[in-house]
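Chains as they are written, first to last, in my numbering: chain A, 1 to 114; chain B, 1 to 116.
Rather than coming from a laboratory, the hints here were simulated on the basis of the structure. Relax, there's no trap hidden among the hints.
Chain B residues, not near chain A, derived (Cβ > 12 Å throughout):
id: 1; residue: V13
id: 2; residue: E15
id: 3; residue: N22
For lysine-lysine, the following DSSO-like pairs were computed, each having C-alpha atoms within a straight-line distance of at most 27 Å:
id: 4; chain 1: B; residue 1: K108; chain 2: B; residue 2: K1
id: 5; chain 1: B; residue 1: K103; chain 2: A; residue 2: K62
id: 6; chain 1: A; residue 1: K62; chain 2: A; residue 2: K51
id: 7; chain 1: A; residue 1: K44; chain 2: B; residue 2: K108
id: 8; chain 1: A; residue 1: K62; chain 2: B; residue 2: K1
Label-pair restraints from in silico Cβ distances:
id: 9; chain 1: B; residue 1: P94; chain 2: A; residue 2: I76; range: 25 to 33 Å
id: 10; chain 1: B; residue 1: S70; chain 2: A; residue 2: I76; range: 37 to 45 Å
id: 11; chain 1: B; residue 1: Y76; chain 2: A; residue 2: R14; range: 43 to 51 Å
id: 12; chain 1: B; residue 1: P14; chain 2: A; residue 2: R78; range: 42 to 50 Å
id: 13; chain 1: B; residue 1: S69; chain 2: A; residue 2: P96; range: 29 to 37 Å
id: 14; chain 1: A; residue 1: H10; chain 2: B; residue 2: G83; range: 22 to 30 Å
Glycine included, every Cβ here is placed at the ideal spot set by N, Cα and C.
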Amino acid sequence: NAGVMQNPRHLVRRRGQEARLRCSPMKGHSHVYWYRQLPEEGLKFMVYLQKENIIDESGMPKERFSAEFPKEGPSILRIQQVVRGDSAAYFCASSPQGGNSPLHFGNGTRLTVT
Amino acid sequence: KQEVTQIPAALSVPEGENLVLNCSFTDSAIYNLQWFRQDPGKGLTSLLLIQSSQREQTSGRLNASLDKSSGRSTLYIAASQPGDSATYLCAVTPEDSGGSNYKLTFGKGTLLTVNP
Numbered sequence: 001n002a003g004v005m006q007n008p009r010h011l012v013r014r015r016g017q018e019a020r021l022r023c024s025p026m027k028g029h030s031h032v033y034w035y036r037q038l039p040e041e042g043l044k045f046m047v048y049l050q051k052e053n054i055i056d057e058s059g060m061p062k063e064r065f066s067a068e069f070p071k072e073g074p075s076i077l078r079i080q081q082v083v084r085g086d087s088a089a090y091f092c093a094s095s096p097q098g099g100n101s102p103l104h105f106g107n108g109t110r111l112t113v114t
Numbered sequence: 001k002q003e004v005t006q007i008p009a010a011l012s013v014p015e016g017e018n019l020v021l022n023c024s025f026t027d028s029a030i031y032n033l034q035w036f037r038q039d040p041g042k043g044l045t046s047l048l049l050i051q052s053s054q055r056e057q058t059s060g061r062l063n064a065s066l067d068k069s070s071g072r073s074t075l076y077i078a079a080s081q082p083g084d085s086a087t088y089l090c091a092v093t094p095e096d097s098g099g100s101n102y103k104l105t106f107g108k109g110t111l112l113t114v115n116p
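Assemble the whole structure, with the sequences as input and the hints as a guide.
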């Protein structure tokens, strides 16, 4: 049973470009969570999604960031017009249910904005 | 606003030593506290979860304690091994989370190196 799969592992974008980060949850998991780890900072919650629904986006920056989890396919975290401050490791986690189900983390996508 | 602090930021010990990692949090209104392990270039692996009503949890050579009222937790690793080398993260879930585990506040971690 494959774990949470994130791709790409590393992504380099120039300022102003768009970044798309993908997350395929574990088989049987319908809840997805995105976290960001800025350099020298702790991980911070960004958004919680179920299939076709955003449940909690209280941690998402108000502009340029969006997330989706379509009925078919992976969850996508999209960052438009990237800036240097977006450089970070972005982690996805999944769980079979909400509530206090344990989270399973992917290996992350390291985004570098040049 | 909850803040989680981990001390020390880095720790280097010889193999076989027992060690303690510290975590403190500013708001004692927590639902639970978790300790995670993060290997370089990898995701997080949950090690231990302590509910707010519990005082400690044990798994193998690991023992985590929680003193909710004073806002402190420790992770004790017995007989450390080189394979224990990793970053250890502490994270808390707020009391008003309704039992949901996802809205974690993480510390910056302690980078542990166990030398053979």
